[in-house]
Amino acid sequence: MLADLNTAIRTPLALVQSVYSQDAAPTLDGLEKRVEAAFSGLFSDASALAQLPAITSISTPSTLPPSGSLVRFRAMVQDTGFGSEVYKALGKNGDVLMFGKEEEGGDSDVASDDYSNLKERQAFYVVSVPGETAWVKENLDKTTAESLEASVAALSLSNAEPTAEPTLLANKYPVPSEPHFGCIVKVYGEAADALKTTDVVEFVGVIGETPLSSSFDDLVADSAPPATTPVPALHVILALPAPQPTLVELPTAADELVRLRNELIEYLAGGLGGDVDAAEWLLLALLTRIHTRHPTGMALGSLSLNLALPSSFAATIAPIISSLVPKTTSLNLTIPVLNDIKNRMAPRNRDENLESGALQLSTGTAVLVDMRGIGEGKLEDAGVRNLRHIATTMAQQKLSYEFPYSSFELETDLSFILLSEGKAILPTDCVVYVKPTSGLAVSPPPSAEKLEAFRSFLAKMKASDFTIPPEMSEIIQADFVERRQKSVAGEGMSQEDLLFRMTAARLMALSTGSAALSKQAWLATAELDERRKDAAPPATKTEACKA
Numbered sequence: 001m002l003a004d005l006n007t008a009i010r011t012p013l014a015l016v017q018s019v020y021s022q023d024a025a026p027t028l029d030g031l032e033k034r035v036e037a038a039f040s041g042l043f044s045d046a047s048a049l050a051q052l053p054a055i056t057s058i059s060t061p062s063t064l065p066p067s068g069s070l071v072r073f074r075a076m077v078q079d080t081g082f083g084s085e086v087y088k089a090l091g092k093n094g095d096v097l098m099f100g101k102e103e104e105g106g107d108s109d110v111a112s113d114d115y116s117n118l119k120e121r122q123a124f125y126v127v128s129v130p131g132e133t134a135w136v137k138e139n140l141d142k143t144t145a146e147s148l149e150a151s152v153a154a155l156s157l158s159n160a161e162p163t164a165e166p167t168l169l170a171n172k173y174p175v176p177s178e179p180h181f182g183c184i185v186k187v188y189g190e191a192a193d194a195l196k197t198t199d200v201v202e203f204v205g206v207i208g209e210t211p212l213s214s215s216f217d218d219l220v221a222d223s224a225p226p227a228t229t230p231v232p233a234l235h236v237i238l239a240l241p242a243p244q245p246t247l248v249e250l251p252t253a254a255d256e257l258v259r260l261r262n263e264l265i266e267y268l269a270g271g272l273g274g275d276v277d278a279a280e281w282l283l284l285a286l287l288t289r290i291h292t293r294h295p296t297g298m299a300l301g302s303l304s305l306n307l308a309l310p311s312s313f314a315a316t317i318a319p320i321i322s323s324l325v326p327k328t329t330s331l332n333l334t335i336p337v338l339n340d341i342k343n344r345m346a347p348r349n350r351d352e353n354l355e356s357g358a359l360q361l362s363t364g365t366a367v368l369v370d371m372r373g374i375g376e377g378k379l380e381d382a383g384v385r386n387l388r389h390i391a392t393t394m395a396q397q398k399l400s401y402e403f404p405y406s407s408f409e410l411e412t413d414l415s416f417i418l419l420s421e422g423k424a425i426l427p428t429d430c431v432v433y434v435k436p437t438s439g440l441a442v443s444p445p446p447s448a449e450k451l452e453a454f455r456s457f458l459a460k461m462k463a464s465d466f467t468i469p470p471e472m473s474e475i476i477q478a479d480f481v482e483r484r485q486k487s488v489a490g491e492g493m494s495q496e497d498l499l500f501r502m503t504a505a506r507l508m509a510l511s512t513g514s515a516a517l518s519k520q521a522w523l524a525t526a527e528l529d530e531r532r533k534d535a536a537p538p539a540t541k542t543e544a545c546k547a
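Start counting the sequence shown at 1; every next residue gets the next number (our numbering).
Honestly, the hints are just simulated from the structure, not real lab data.
There could be a bad hint or two in this list.
What the hints assert, rightly or not - In silico EDC-like pairs for lysine to aspartate or glutamate, Cα to Cα no more than 16 Å straight-line:
(1) Lys398 x Glu409
(2) Lys137 x Glu202
(3) Lys88 x Glu102
(4) Lys137 x Glu452
(5) Lys435 x Asp277
(6) Lys196 x Asp413
(7) Lys33 x Asp193
(8) Lys88 x Asp29
(9) Lys450 x Glu190
(10) Lys33 x Asp45
(11) Lys435 x Glu421
(12) Lys342 x Asp381
(13) Lys519 x Asp479
(14) Lys435 x Asp534
(15) Lys450 x Glu263
(16) Lys519 x Glu471
(17) Lys423 x Glu376
(18) Lys137 x Glu178
(19) Lys423 x Asp370
(20) Lys533 x Glu474
(21) Lys119 x Glu85
(22) Lys533 x Asp277
(23) Lys450 x Glu249
(24) Lys119 x Glu190
(25) Lys119 x Asp95
(26) Lys33 x Glu102
(27) Lys196 x Asp534
(28) Lys460 x Glu249
(29) Lys462 x Asp413
(30) Lys450 x Glu266
(31) Lys398 x Asp199
(32) Lys196 x Glu411
(33) Lys342 x Glu402
(34) Lys88 x Glu120
Claimed, not checked - Restraint-style ranges between C-beta atoms, simulated for each label pair:
(35) Ala242 x Thr467: 23 to 29 Å
(36) Ala448 x Ser62: 30 to 36 Å
(37) Ala314 x Ser407: 35 to 41 Å
(38) Ala516 x Pro444: 35 to 41 Å
Since this is a predicted model, take the numbers as computed values, not measurements.
Glycine included, C-beta positions come from ideal geometry on N, C-alpha and C.
Throw the hints in and build the complete structure from the sequences for me.
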C-alpha cells in the first residue's frame, strides 16, 4: 500500500498503467472505474491527500508542478459547455494513453479505424472558488503552503519537456479583482454526469496542458488566447466532495450557547454603530439556506436583508462578514458600474464561450450589495438588465444564463445583504433602518479563538435540520388570526407577512441552537419584527410593515 501511494504521488501514470496491466487479459472496459477505485483507496485518508501539491487561487501557469504530476484543485465548475472529446486510449505497445499520457507525448500511433481503442471524455472549465475568504484558504491550504515546495521538488519528473507557457482564459471568473486560477478539467467515465455549473469539487488528477478545442478556434484575441496557445489542463482521476474548514466544538450547555450568540451579535453590531436589533437581523440573514423548492418556483429559506443606513454613516460590516463566513463577495454598485457592458451580473455565452457574471457563485456565498454610491443618473439597457438579474436572483434564487437566441435559469442558494442610504431601489424580504448609537466606544476585535467559535456557530446552525411541531402550527394559526382581528386601517398581517415571519422564526430558532420551532422563538421573532417596523421613518412605516 505504501509503495502504491508513493507511486501514485510521484508517477501517477505508472500506477494507471499498472492497474491496466495487472489483469490476465487487460481491457479498457471499465478502466476508469478501476483507476478511480485504486486511487480512492490510496487517498481516502486526509493526510495522504495533503501530500499532493495543491493548485490554489494564487497559482499561475508558471508555478504549476511539472506536467504529469498528481495534484489537487479545489474549484468551482464555471463552464460545462466544452463538450466531449474522443481520444486514443491505447498505444500499439499496450501503453495506456489516458489521463494525459497522450498529451505528455505518449505513443499515440493507433490505426484510425481501430475503434476499440477510442474512448470519450468530457471537458469543463473550472476556477478557484469565487469569494472564498482568507481564513478558509489558510485553514484548508496551510499544510500545503508549508510543504508545497518540498512536494514539488520531490517529484521524479526531470524528463518533462519544456513547452510554451500555458495561459488562462479571460472573462471566466466572477470576481476578477480577486487572485484566481482556472483550467480545463478532463473528466473520464461517469463522474462527468454529476457535475453542474457552480458545483464546488476537490479535483485530484494529472496536471498538463492542452490546446483549445476546435470549437474555440474563432475566439477573438481580447477574450481568449490564440488557439495555438496551450491552456492548463487537469486530467481528473478523483472528483471528491469539497473539503470543509476545520471547526472547533461548540459548547453544549444552553447558557454557554446563548452567551456565544450574544457575543456574536455584539461583534456584528460593532459594524452597525451598535444597533443590536440590526445585528440580529444580519445574523438571521447569514444563516439563510434554501430548504424547500416548490413546483411553482418558490424557494423557501431565503431572507434577503436591506440595511438602510443613515447618510454618511460608514458601516464596516464587509470585513466582519469576511471574518465569519467561508465565502462572500461585494458588489459596489453605481450608475456607471451598472451601465458598463463589461460588468455583467449574469453569465453570457459568446462565441461558444460562457463568460462569467458576478452572480455566478457557489451555494452558500454571502453577497453584500452596496448601493450607497448609486447616486443619480440614467440607467442604460445594460444597467437595467443588471439590476433585474440581481432582483430576480434575490427573489427567486435563480440566475439567468444568457445565450444568443435564448436564456435559461439555474438554481442558486445565495445570501443577500443590501446596504443603502434609506430604502434600496431593489426589493428585499426585509428592510431594517439602522439606528447607530452615538458615542459608542469601539470594541476590541475578538480573539482568534472567539472568531473560530463564531464560525463554528454559524456553520453548524446554518446546516442544521429543522422541523415545525404540529402544536406550533396551531399556535401560529391562532396568532395570525388574532393579529388580523386587531389590525386597523388595512395594516393586518397578510399571507405574505406570515410566510416572512415563519422564515424569520425558523432562522431565529436555529440561531438559538434549536432544531424545532418553539413558542418562545415565534414570540421573540414577532417582537423583533415589531421593533423593526417601529424603527422605520414615519413616511415608510406602511412599506416597512410589508417588507
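Outcome of the hint check:
1. As the CA atoms of lysine 398 and glutamate 409 are separated by approximately 6 Å, the hinted pair is consistent with the 16 Å bound.
2. Between the alpha carbons of lysine 137 and glutamate 202 the distance comes to roughly 14 Å, so the proposed pair stays at or under 16 Å and holds.
3. A distance of roughly 8 Å separates the Cα atoms of lysine 88 and glutamate 102; the hinted pair therefore holds under the 16 Å criterion.
4. For the hint pairing lysine 137 with glutamate 452, the CA-to-CA distance comes to about 14 Å; that is within 16 Å, so the pair holds.
5. Proposed proximity of lysine 435 and aspartate 277 is supported: the alpha carbons are some 9 Å apart, at most 16 Å.
6. A hinted pair counts as satisfied when its Cα atoms are at most 16 Å apart, and lysine 196 with aspartate 413 qualifies at roughly 14 Å.
7. Proposed proximity of lysine 33 and aspartate 193 is supported: the alpha carbons are some 14 Å apart, at most 16 Å.
8. Restraint check for lysine 88 and aspartate 29: the C-alpha separation of about 14 Å stays at or below 16 Å, so the hint holds.
9. The straight-line distance between the Cα atoms of lysine 450 and glutamate 190 is roughly 44 Å, outside the 16 Å bound, and the hint therefore fails.
10. With a C-alpha separation of about 19 Å, the suggested pair lysine 33 and aspartate 45 falls outside the 16 Å cut-off, and the hint is violated.
11. With a C-alpha separation of about 12 Å, the suggested pair lysine 435 and glutamate 421 falls inside the 16 Å cut-off, and the hint holds.
12. Restraint check: the Cα-Cα separation between lysine 342 and aspartate 381 comes to about 13 Å, which is no more than 16 Å; the hinted pair holds.
13. Proximity of lysine 519 to aspartate 479 is assessed by CA-CA distance (about 11 Å); at most 16 Å being required, the pair is judged to hold.
14. Annotation: proposed proximity of lysine 435 to aspartate 534 holds, straight-line Cα distance about 12 Å (limit 16 Å).
15. At most 16 Å may separate the alpha-carbon atoms for a hinted pair to count; lysine 450 and glutamate 263 meet this at roughly 9 Å.
16. The straight-line distance between the Cα atoms of lysine 519 and glutamate 471 is roughly 9 Å, inside the 16 Å bound, and the hint therefore holds.
17. The hinted pair formed by lysine 423 and glutamate 376 meets the criterion: a straight-line CA distance of about 15 Å does not exceed 16 Å.
18. In summary, the hint linking lysine 137 to glutamate 178 is supported, as the alpha carbons are separated by about 13 Å, within the 16 Å threshold.
19. Note on lysine 423 and aspartate 370: the hinted pairing holds, with a Cα-Cα distance of about 12 Å set against a maximum of 16 Å.
20. Between lysine 533 and glutamate 474 the CA atoms are separated by roughly 25 Å; this puts the pair beyond 16 Å, and the hint is violated.
21. Our distance criterion of 16 Å between C-alpha atoms is met by lysine 119 and glutamate 85, whose separation comes to about 8 Å.
22. Between the alpha carbons of lysine 533 and aspartate 277 the distance comes to roughly 11 Å, so the proposed pair stays at or under 16 Å and holds.
23. Of the pairs offered as hints, the one joining lysine 450 and glutamate 249 holds, with about 12 Å between alpha carbons and a cut-off of 16 Å not exceeded.
24. Taking the CA atoms of lysine 119 and glutamate 190, the gap is near 12 Å; set against the 16 Å cutoff, the hint holds.
25. Note on lysine 119 and aspartate 95: the hinted pairing holds, with a Cα-Cα distance of about 14 Å set against a maximum of 16 Å.
26. Restraint check for lysine 33 and glutamate 102: the C-alpha separation of about 19 Å exceeds 16 Å, so the hint is violated.
27. Straight-line distance between C-alpha atoms of lysine 196 and aspartate 534 comes to about 44 Å, which puts the hinted pair past the 16 Å bound.
28. Straight-line distance between C-alpha atoms of lysine 460 and glutamate 249 comes to about 10 Å, which keeps the hinted pair within the 16 Å bound.
29. Between lysine 462 and aspartate 413, the direct Cα distance comes to roughly 12 Å. Compliance with the 16 Å bound is thereby established for this hinted pair.
30. A threshold of 16 Å between alpha carbons decides the hint, and for lysine 450 with glutamate 266 the separation of about 12 Å falls inside it, so the pair holds.
31. Proposed proximity of lysine 398 and aspartate 199 is supported: the alpha carbons are some 15 Å apart, at most 16 Å.
32. Distance check on the hinted pair: lysine 196 and glutamate 411 sit about 11 Å apart at the alpha-carbon level, within 16 Å; holds.
33. Proximity of lysine 342 to glutamate 402 is assessed by CA-CA distance (about 14 Å); at most 16 Å being required, the pair is judged to hold.
34. In summary, the hint linking lysine 88 to glutamate 120 is supported, as the alpha carbons are separated by about 9 Å, within the 16 Å threshold.
35. The hinted range of 23 to 29 Å is satisfied by alanine 242 and threonine 467, whose Cβ atoms lie roughly 27 Å apart.
36. Between alanine 448 and serine 62 the beta carbon distance is about 34 Å. The supplied range of 30 to 36 Å therefore holds.
37. At about 38 Å, the beta-carbon gap between alanine 314 and serine 407 stays in the expected band of 35 to 41 Å.
38. For the pair alanine 516 and proline 444, the beta carbons lie near 36 Å from each other, so the given range of 35 to 41 Å is met.
Consistency note: the structure conflicts with the earlier hints numbered 9, 10, 20, 26, 27.
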